[in-house]
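These protein sequences, in sequence, are chains S and E. The first sequence: position 29 = 29 (the working numbering), numbered continuously. Add 153 to the 1-based position in the second sequence for the working numbering, that's all there is to it.
These are calculated hints, taken from the structure and not from any lab test. One should not assume that every hint holds.
[Unchecked claim] Taking lysine-lysine pairs in the DSSO-like style, the calculated list, with each CA pair at most 27 Å apart, reads:
| hint | chain 1 | residue 1 | chain 2 | residue 2 |
| --- | --- | --- | --- | --- |
| 1 | S | K65 | E | K383 |
| 2 | S | K130 | S | K147 |
| 3 | E | K318 | S | K65 |
| 4 | E | K318 | E | K337 |
A quick note: this is a predicted structure, and the numbers were derived from the prediction, not measured.
Listed here are the chains, written in short residue letters.
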Amino acid sequence: MIGLRRRRRPEVRPDARRILVPFAGALEPAVLDAAIRIAQAEDAVLVPAYLLLVPLAYDEDSPLKDQVGVAMPLLEAVEHAALRAGVAVDARIEKGRTLTHALRRLWEAERFDRIVAPAPANGGGGFTEKQLAWLLTHAPAETLVLKPMPHAA
Amino acid sequence: MAAGVGKTYRMLQEGRQAQEEGRDVVIGYLEPHDRPETAELAEGLETVPRLHAQLGGLEPNELDVDAVIRRAPELALVDELAHTNASGMRNEKRYQDIDEILDQGIDVISTVNVQHLESLNDEIAELTGVRVRETFPDRVLEQADEVVLVDLTPEALQQRLRAGKVYPRERADVALQNFFRADKLAALRELALREVAEDVGHRREAAVLDPLSRQAVAERVLALVEPQPKSQRIMRRAWRSAERLGAQLDAVWVRRRGQELEPEEQVALAALRRLAIVLGAHFLEEEGDDLVATVRRVAFERGTTYVFVGTPDESRRREILRGSLLSALVRELPGVDIRVVANRADRPERTP
Chain S
1 MIGLRRRRRP EVRPDARRIL VPFAGALEPA VLDAAIRIAQ AEDAVLVPAY LLLVPLAYDE
61 DSPLKDQVGV AMPLLEAVEH AALRAGVAVD ARIEKGRTLT HALRRLWEAE RFDRIVAPAP
121 ANGGGGFTEK QLAWLLTHAP AETLVLKPMP HAA
Chain E
154 MAAGVGKTYR MLQEGRQAQE EGRDVVIGYL EPHDRPETAE LAEGLETVPR LHAQLGGLEP
214 NELDVDAVIR RAPELALVDE LAHTNASGMR NEKRYQDIDE ILDQGIDVIS TVNVQHLESL
274 NDEIAELTGV RVRETFPDRV LEQADEVVLV DLTPEALQQR LRAGKVYPRE RADVALQNFF
334 RADKLAALRE LALREVAEDV GHRREAAVLD PLSRQAVAER VLALVEPQPK SQRIMRRAWR
394 SAERLGAQLD AVWVRRRGQE LEPEEQVALA ALRRLAIVLG AHFLEEEGDD LVATVRRVAF
454 ERGTTYVFVG TPDESRRREI LRGSLLSALV RELPGVDIRV VANRADRPER TP
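Only chain S is shown next, with the shape it has when bound in the complex:
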């Protein structure tokens, strides 16, 4: 027998706190879990943002089909996980010449109350030491660097 249970649909309230989770290439599940737990605790909106790199040979407004092709399913998966946990989501794709350039564009355009920045771990992406240093210096909001537990060998 199969039972069906309808879920509550979380809504984005305009006055809600906004938690930015920027990433590129991949997002460690442990980082996502932590970000979702923080958003749950604060009744905040989760803003997962996939950062795209525009090669210098390109115009800044060029469409980036290949990178978008990677970003789309990842954002869907992140959004799905958050919504199933009852957390409202407002996903983004932002581009820039570098990851920090993309980040700066993002927070110049929008308000964020907290930033959860993944540190590199388990080969699952994350910002480099230099990028994290930049982020901690320039981020316009409270910033949390999250390093997931390394996988057991």
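The hints should help you fit chain E onto chain S, whose structure is shown.
Structure of chain E alone, referenced to chain S:
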């Protein structure tokens, strides 16, 4: 595929073959690239002299379109289709010269590298890091009676480079480290193979489908968005479907007359515009108090075949009183598929 694979050589072979079959063939323009075997193959084929008229102090060394038309052969061989003519010429591009020759009932065989195809420009830049400036429109390839791929493995092409058969030896080393790297050549080769495969597919379809049917199966996707977070999802899903369908994507927001946006709506709208740029979609802002009528007009103007719309927020009561948006869209957009983008997390959870 790329410079040095033997396109000019193949064009000349085709020309000679046609001549042997009794056709009147001339060389309209040949770029011998100082390759002796190419020059040798051109021997015996009549060459129409190039244009050497004085133009603003410059002496262009270009295809003489009028001379080819006056000569009126059955077939003209014109190298380098994507070439940009010297300034002051009647046409800016050589493919336009070729159009004129074709208009006079003269067949043309030409050559071109895959990286010059306009629709591949972004992809080529992403693959090779080089933005190609000399491009030609896709319709030129589509209108060709036949497209022949001159294929060579990256290794064989690099071998030709090293042997000085493509560029003088002093340029070969630099070329091998830049555009002619094996990975870049492999990517270009894949693109060229794919392009020709698609061309073959289209030609087969064209042979099977009449023009009306072709029009019937061409797809164009329209996403209805609002300055709300859920519209990001609508755009993403619409883009994925558009990619699978090989369709163009439009996104439209219908703003009520005089509508003022809240600050968070302004942010959401700006984010949608940025997303549209990244996706290569066309973002349209329309003003109108009647959403369905405006969408109907936009869909008609854009040739939309698919409309993506979010799950309606209407309450049951409002739906009964005012009618459902979905029903109205289905009624007002005959022949257009309507897809409702659901929130996957709304799916009921399966429990044993």
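inquiry  = For each hint given before, does the structure comply? Return the numbers of the non-compliant ones in rising order.
reply    = 3
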